[in-house]
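Colleague: Spelled out, the chains give:
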Amino acid sequence: MSKRKWQQLKETIIKYFFGINGVISILVLLGIFLFLTKTGLQSFEKISLSQFFLEKEWNPTSYNNPQWGILAMLTGTIYIALGSLVIAVPIGIATSIYLSEIASPIMRELLKPAIEMIAAVPSVVLGLFGLIFLVPIISTFFRISSGLNALSASILVAIMVLPTIISISEDIIREVPQEYKEASLALGATRWETIQKVILPVSASGIFASIMLGLGRAIGETMLVLIIAGNAQAFPKSFLDPVRPITANIAIEIKEVVTGDLHYQALFATGLLLFMITFTINLVSDIIIHKQLKNLNHEK
Amino acid sequence: MKNNRILKEKIIFSFIKMAAFFSAITLVLIIGYVFIRGFKVISWQFLFQEVQQRDITKGGILQAIIGTIYLGIGTFFIAVPAGISSAIFLNEYIPDTKTSRVIRVAIRNLAGVPSIVYGLFGLAVFVQFFNLKTSLLSAILTLSSMTLPWIITASEESLKAVPFEFREAALAMGATNWQTIKKIVIPHSLPGMITGSILGLSRALGETAPIILVGATFYCRSLPTSVFDKFMALPYHLFILATQHAHPQAHEYALGTAIVLITIIYLMSLTAILIRYHLRKKKNA
Chain A
-17 MSKRKWQQLK ETIIKYFFGI NGVISILVLL GIFLFLTKTG LQSFEKISLS QFFLEKEWNP
43 TSYNNPQWGI LAMLTGTIYI ALGSLVIAVP IGIATSIYLS EIASPIMREL LKPAIEMIAA
103 VPSVVLGLFG LIFLVPIIST FFRISSGLNA LSASILVAIM VLPTIISISE DIIREVPQEY
163 KEASLALGAT RWETIQKVIL PVSASGIFAS IMLGLGRAIG ETMLVLIIAG NAQAFPKSFL
223 DPVRPITANI AIEIKEVVTG DLHYQALFAT GLLLFMITFT INLVSDIIIH KQLKNLNHEK
Chain B
450 MKNNRILKEK IIFSFIKMAA FFSAITLVLI IGYVFIRGFK VISWQFLFQE VQQRDITKGG
510 ILQAIIGTIY LGIGTFFIAV PAGISSAIFL NEYIPDTKTS RVIRVAIRNL AGVPSIVYGL
570 FGLAVFVQFF NLKTSLLSAI LTLSSMTLPW IITASEESLK AVPFEFREAA LAMGATNWQT
630 IKKIVIPHSL PGMITGSILG LSRALGETAP IILVGATFYC RSLPTSVFDK FMALPYHLFI
690 LATQHAHPQA HEYALGTAIV LITIIYLMSL TAILIRYHLR KKKNA
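Residue numbers (this note's numbering), protein chains in the order written: chain A, -17 to 282; chain B, 450 to 734.
Hints listed in this document are in silico derivations from the structure and should not be mistaken for laboratory results. Built from N, CA and C at the ideal position, the CB exists for glycine as well. Each hint should be verified, as a subset may be incorrect.
Dumping the calculated DSS-like pairs for lysine-lysine here, alpha-carbon to alpha-carbon at most 27 Å [said to hold, decoys possible]:
#1 B:K631 / A:K(-13)
#2 B:K582 / A:K163
#3 A:K20 / B:K582
#4 B:K457 / A:K237
#5 A:K(-3) / A:K(-15)
#6 A:K94 / B:K582
Listed below are several chain B residues computed to face chain A (Cβ distance under 8 Å; list not exhaustive) [said to hold, decoys possible]:
#7 I479
#8 I485
#9 Q577
#10 F579
#11 P598
#12 P684
Working from the sequences, and respecting the hints, build out all of it.
Modeller: Here it is as structure tokens:
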């Protein structure tokens, strides 16, 4: 075989090697969606959609009258997701403004790794910390018998999503062209007025996207809420009630079910719901961030 | 008038600073608390002896440490090669069409899907469909599926950072596609790809929810001898000690386990940073 031919053959083999790898990865990832959908949708042959979404009671193991309503658990998920954002959004945005516009280079070099290191703490460790440190404080402060509730979980999930909000918002704010700031300062605006009237409006959609990504993480968080949220299935009336978010419910019940029965399928249906919610949230924020970065780079 | 505006700025800036320091202090508080309260239980016995189910104070956490290390090694050898070569395929071989862009966006967004959903997937596919049972192998494959999107996304970013002119120059000199990739593209993007992979892996090792579903168990008498055995892992051991163990000192031992887990994860992140630094320096030299 001539050297040239061998060379061409080698090129083709290598190309196919990468191709097969790529296709397998894509198939695996596609498989996630297919398996979830297939198993999850089977449950709707026996459970009506309105029962699933609108009934409060979830009691799959009842012999006579099993209940399949996820509304109470979904409310728990929403409480914790929104509660954590209420805490994390102001702190996160303020921190990203500080890091990108106010901090001295030395402060920035110190704070940024510290915040990135929070992102590396496993949620189960944060859960343990919360259980020993935060939960007793909450129960003493509100004079309730147990601090395992939606409020405690919201505070800890807020810590979990802070790094997401900070790092993405900061990236976006840094992309605001220097000329914008200089123009504003040259017109006599103070630094705060520049931030408030120029930088924040320009980067608003990117910051919004970072909040959405934080929301996605909060909805999907499992171990923290499993440890901290209290696991009660009753419909929560306030933030001081224990809740069982959808993620925690899967972790608790999946080990006890018989493979392939209705309970198993129904848990997959809740997993499918989580998948669709988080995937949509991520997709929307992804599109917003890319559009924003493109616009800002275009301006430069 | 001007003074008022400056005063307003000062007040607002001090609030912003407070928020920023709060973010950083949280970390110090969490890590500090875990280390100070858990440090007492760290000893040679704790690190190198097997778990004594009857009395946790009499043994260590060896099975959990080894289990997590096996999990890390297995995931590394599956997810990193698969992820990096998929990224090379997506970025270097297939043309930038609408379909390929849809695939890329889908992969990027799979990185944000909750880990428990990957656990369900692993349960349905590896444990049941491929009949691997709840085992170390099922857990490795599940964590590999979960880290794959992270590694592909990180690798693609560093491939994109290689200027297009570099490739054109190599191709214009008569290099083949693979020669260009091997000699130009990979050397320039390797630091980023390796760093991204190790960071993804370290995140995977802290995950608890997916491995509960596919093979981690709260107690094994001995170390796993094959990939088809069940195994113990640090995050799950920690979870059990924190929530379901009756021993009065269970929380302290959970904190000790947390110290080991955090140390492993931070050492991996540090390695990633050092590798990046080293390779960058070599490249610039």
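Colleague: Does the interface hint hold: is P598 (chain B) within less than 8 Å of chain A, judged Cβ to Cβ?
Modeller: P598 (chain B) check passes; min Cβ-Cβ to chain A is 7 Å, inside 8 Å.
Colleague: CA of K582 (chain B) to CA of K163 (chain A), is that 27 Å or under?
Modeller: violated (60 Å)
Colleague: Does the CB of P684 (chain B) sit less than 8 Å away from some CB of chain A?
Modeller: holds (5 Å)
Colleague: Tell me if F579 (chain B) is really an interface residue toward chain A, meaning its C-beta lies closer than 8 Å to one of theirs.
Modeller: It is violated, given that the least Cβ distance between F579 (chain B) and chain A is near 11 Å, above 8 Å.
Colleague: Hinted pair, alpha-carbon criterion (27 Å max): K457 (chain B), K237 (chain A). Please report holds or violated.
Modeller: violated (57 Å)
Colleague: Is the hint on I485 (chain B) kept, meaning its closest Cβ partner in chain A is under 8 Å away?
Modeller: violated (11 Å)
Colleague: Under 8 Å is the threshold here; is the Cβ of Q577 (chain B) close enough to any Cβ of chain A for the hint to stand?
Modeller: holds (6 Å)
Colleague: Can you confirm whether the C-alpha distance between K20 (chain A) and K582 (chain B) stays at or below 27 Å?
Modeller: Measuring from Cα to Cα gives roughly 20 Å; hence the hint holds.
Colleague: Please verify whether K631 (chain B) and K(-13) (chain A) have alpha carbons no more than 27 Å apart.
Modeller: holds (19 Å)
Colleague: Can you confirm whether the C-alpha distance between K(-3) (chain A) and K(-15) (chain A) stays at or below 27 Å?
Modeller: holds (18 Å)
Colleague: Could you grab the alpha-carbon distance between K94 (chain A) and K582 (chain B) and see if it respects the 27 Å cut-off?
Modeller: Given that 27 Å is the threshold and the Cα spacing comes to 43 Å, the pair is violated.
Colleague: Mind checking the CB of I479 (chain B) against every CB in chain A and telling me if the closest is under 8 Å?
Modeller: holds (5 Å)
Against the hints set out earlier in the document, violations occur for numbers 2, 4, 6, 8 and 10.
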